[in-house]
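Asker: These protein sequences, in sequence, are chains Z, Y, G and C.
Take the numbering used here: the last position of the first sequence gets the number 311, and nothing is skipped along the way.
Take the numbering used here: the last position of the second sequence gets the number 1311, and nothing is skipped along the way.
Take the numbering used here: the last position of the third sequence gets the number 2311, and nothing is skipped along the way.
Take the numbering used here: the last position of the fourth sequence gets the number 3311, and nothing is skipped along the way.
Calculated directly from the structure, the hints in this document are not laboratory data.
It should be emphasised that the depicted structure is a prediction, and the values quoted were computed from it without experimental measurement.
Even glycine gets a Cβ: it sits at the ideal position worked out from N, Cα and C.
Check each hint, because a few of them may be wrong.
[As the list claims (entries may be wrong)] Cβ-to-Cβ under 8 Å is the rule here; a few derived chain C residues that face chain Z: (1) Leu3215; (2) Met3218; (3) Arg3231; (4) Pro3236.
Protein chains: 4
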Amino acid sequence: MPGVPPARYAYLGPQGTFTEAALRSLPAASKAELQPHGSVGAALDAVRSGGADGAVVPIENSIEGAVAVTLDELSSGEPLMITREIHVDVQFSLLAKRGVKPGDLRRVATHPHAEAQCRRWLATHLPDAEVVLESSTAHAAEVVAREDSPYDGAVAAPIAATTYRLATLATNIADRAGAVTRFVLVSRPATPQPRTGADKTSLVVFIRDNHPGALLEMLEQFAARGVDLTRIESRPTGSGLGEYCFSMDAVGHVDDERMGEALMGLRRMCADVRFLGSYPRVDGEVTTVVVGTTDEDFTEAYGWLTRLRNP
Amino acid sequence: MPGVPPARYAYLGPQGTFTEAALRSLPAASKAELQPHGSVGAALDAVRSGGADGAVVPIENSIEGAVAVTLDELSSGEPLMITREIHVDVQFSLLAKRGVKPGDLRRVATHPHAEAQCRRWLATHLPDAEVVLESSTAHAAEVVAREDSPYDGAVAAPIAATTYRLATLATNIADRAGAVTRFVLVSRPATPQPRTGADKTSLVVFIRDNHPGALLEMLEQFAARGVDLTRIESRPTGSGLGEYCFSMDAVGHVDDERMGEALMGLRRMCADVRFLGSYPRVDGEVTTVVVGTTDEDFTEAYGWLTRLRNP
Amino acid sequence: MPGVPPARYAYLGPQGTFTEAALRSLPAASKAELQPHGSVGAALDAVRSGGADGAVVPIENSIEGAVAVTLDELSSGEPLMITREIHVDVQFSLLAKRGVKPGDLRRVATHPHAEAQCRRWLATHLPDAEVVLESSTAHAAEVVAREDSPYDGAVAAPIAATTYRLATLATNIADRAGAVTRFVLVSRPATPQPRTGADKTSLVVFIRDNHPGALLEMLEQFAARGVDLTRIESRPTGSGLGEYCFSMDAVGHVDDERMGEALMGLRRMCADVRFLGSYPRVDGEVTTVVVGTTDEDFTEAYGWLTRLRNP
Amino acid sequence: MPGVPPARYAYLGPQGTFTEAALRSLPAASKAELQPHGSVGAALDAVRSGGADGAVVPIENSIEGAVAVTLDELSSGEPLMITREIHVDVQFSLLAKRGVKPGDLRRVATHPHAEAQCRRWLATHLPDAEVVLESSTAHAAEVVAREDSPYDGAVAAPIAATTYRLATLATNIADRAGAVTRFVLVSRPATPQPRTGADKTSLVVFIRDNHPGALLEMLEQFAARGVDLTRIESRPTGSGLGEYCFSMDAVGHVDDERMGEALMGLRRMCADVRFLGSYPRVDGEVTTVVVGTTDEDFTEAYGWLTRLRNP
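Extracted from the complex, chain Z is given alone in its bound form:
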């Protein structure tokens, strides 16, 4: 469409990582401008400043970057909102310059987490190779591709073969199959995605004081409205290790009455609540609704209360 500029997506770079693969799995990415950034914070700041329309960053079980840093970057600074989650199968490939054979590999570079996940495979298939750690699997691949590379091979995301024009000597070399990394697409605050019935809501909750039972009280705000959690992590708030906030994902959408009431409960009971967005679950798992917690149940109960107050 003439006149409409393409969308611009920031992501945790460099090129050739699982994060880029996550971003490229979005239909909108095919015609968009993709901006690799050197850190999660830089990618998110690009959205905050308007330099990008969205950013894709890893949030759980990450290989490339750190979960913790993403949680912390979303918990502070100008508010941002998650609009989508993306799962990427963690399948590692062994990459090398074209013409190189597995038997030739002496020094193999990769990221520490990838090394941890492929350790047994590497010990079995490349017992004599030295494994060298780099800051990302993609950086490892990029160095391998250099003319004067100190490395012969890289353990990296499959996408890195294309990015750096390397040959794929082996695929699926992780010791344990089925690992998945979760990424999120983040934008500036806006009206949340419409409800699909299979949604998730992300939050950061700052408790008022760290008294015994504070966590239990917080969770009762969800339980009393029949809202379940899929993830919770206590996070130090940054001004020391003694003060905590909680990063969590709840099942459902901010437009669900039960979720709305739970959020209001947290808002009242806690020092602060940061809403990080409601978005469709990538696994499509339809929310199990506890008896008595549909929107209709809330409406009926409200009508009943109104009649009690004014018969």
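Following the hints, put chains Y, G and C in place on chain Z, whose structure we already have.
Answerer: Below, chains Y, G and C alone, put in the same frame as chain Z:
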């Protein structure tokens, strides 16, 4: 005021009981028509049928009638509403015909609960007297007053001396001082009394099924909104001993946002909720409001949620 | 067996009540000495003083006496222990002197609760009869049996026909079928009945202070060990209406590890716990054991902890 | 002492990181053999295989490595035990070859997290320098020290200046002061450290199934015994993103009766519990003991229960 008919109050009779004393403690009773009834159910039915404008019945720690029967009568049948609670000090008097002396007493009549509460006094002061049980302390006094009474004395409420024109031989003869009976004034459903900040709300909650933890879940509906309870009693629902409902008093008023939300939570989660009224606490104890549960807190949180949904 | 004196059972009299019927349903009662007492307290005191070996008193949904008074009498004074519960179907009969016909009845006596439960039947079948209230259904029957009785008929327990040699004009006249009264057999503290797998444990728990959430905390002691409750009632402790204790029945036996740990939890957390006995459930309902709460589970976990502490 | 070999400590390398600084803060480290490893997993495996007596790895708010990987490595494989926690102030220094001046810096290398924490300082003081990311701050420093280094400077831990014989151009350059990284010293399972009264217990709990309320039930095991948590993180169990375990730190020691009972409760209720050790809190904060949860309270309650069972 000409043209305005006096109010009509039913009460658990007969005349001369603590229940009548409770009713007469109400300013409105002085010009009203007072109707003694033979049972709690009959007094309440008088209100239901329009034969009375209100009824006073005992509800807790009763001497005259039974707590259980009042709870059960309020839990079923046409809905009624508590508009006021009344406390009466349980002070017993020893009554006899004029001219009779304590030493003359051979047969003393009273209600079983009064006997229980004055047992030590009677054993000490009237060791030779036989204690005979009657259906109410007032009935005992009434029989004593008869010409051909089989009894010489009665242990009864102080008011019974006036009612039955008897002499008071001793006062305050309960073994333990400080006992109080709680009565309620009941009317047909109407707009609740205005909030005073020191209110109580009475409910009957029918749980959906008797699964383990059902009671805990019900109480979490209150706890999640910072509402406290002052009384809870499980009651069989009548169709057997295995099915239960819960009769309870919660601290606060139906017009309080926190109470309203807790009630809606119960309405949604439970098989049924019967609202029995919000009314001023007779002890005047001002509600302790947990941080984050004022009406203002609810309004603020609602505004916040609205902005999340539509920025 | 020569030389063994018969057991002596106290009960809430007079003769001819549902309480006597409950007592007579016990096999041991056939050869025992049965002692009617004028009040629940007197019956229990007979056990405390050694004048009786056991006492049968009503505890729930009582027709004859009061639940509240039984709970309160068990909560204070010398400790007693429930060893058995007994259910009696509440079936009322219309009794009169032999030869009297229903049409002759002008004044019918009964207890207030019986009147409440047969009101519709009486209004339909004896529309012209006056209903007079007495302190028990048995007392009503006893007065009817007198030569010069002021009453023509009594609504009473079926057993009263035998006791007072009256004719039964109608049976099962309660308006709602299926009502049951629960009685308990009480003795001095002793080793509890052996476990049957279908047991109940009765307790009185005095909370430390009446802070918001105190009830919830108490119930969590049960929930954390998978123990369910079948009954709970808050009771004023006697020195005013503001202080509460809780009378409750929990599912299981004091010898169950899960119950033992829950009881110890209450003992530590609460101001006081009065154990009122573990005994077979009269309904024979086998305890549903939550996963992880069998005695074997406790033993296994204890072994595990011991190994953690001393590998 | 002749004949006693020095202790061998593995740690997350390379040399010159905050992890080495953490390890060197231990008195025992001064005479020990220190073994840098390329990943958290490799350092822990050195302990498992007997190649090292202990390992120091980062566990919270890490700069050098990843929290997540440490949690996951401790949650699976041969059991290990935390015996000590260590806090290290996160103070970054700007390092360069001797003789280099700040104005000369064109390319500065560091780890992504360090870049995130010093971003503002770098933008202000080195606006023209390019920041290049490496796999660790120490690796960045090591490269800077090379003859033919592509970088002029490194942002690294102060210790790296000594390790790599670099000059310190600036200290304390993090944008926000007060950040702390938490490390743990891990060994093979053994008798836990003695209680100090200011202890922490680390656990991994695998819930039986992911039903709504499972987390709440788990936390009630702690709450019912008055045990508080300082950290909780849900972690995918590795075979997909849908199944969770919880990594947590609880306040107190496995030898505390309340902690022991809570652990046994988890053991019974959950699919699995992995005990990761009880050890002194590095902040020395004495455990706040809730009323009724001292060891004496447990002993007293146990005596009481024993008497109930066998009077």
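Asker: Quick check: which numbered hints come out false for this structure?
Answerer: The structure conflicts with hint 2 only, although it agrees with all the remaining ones.
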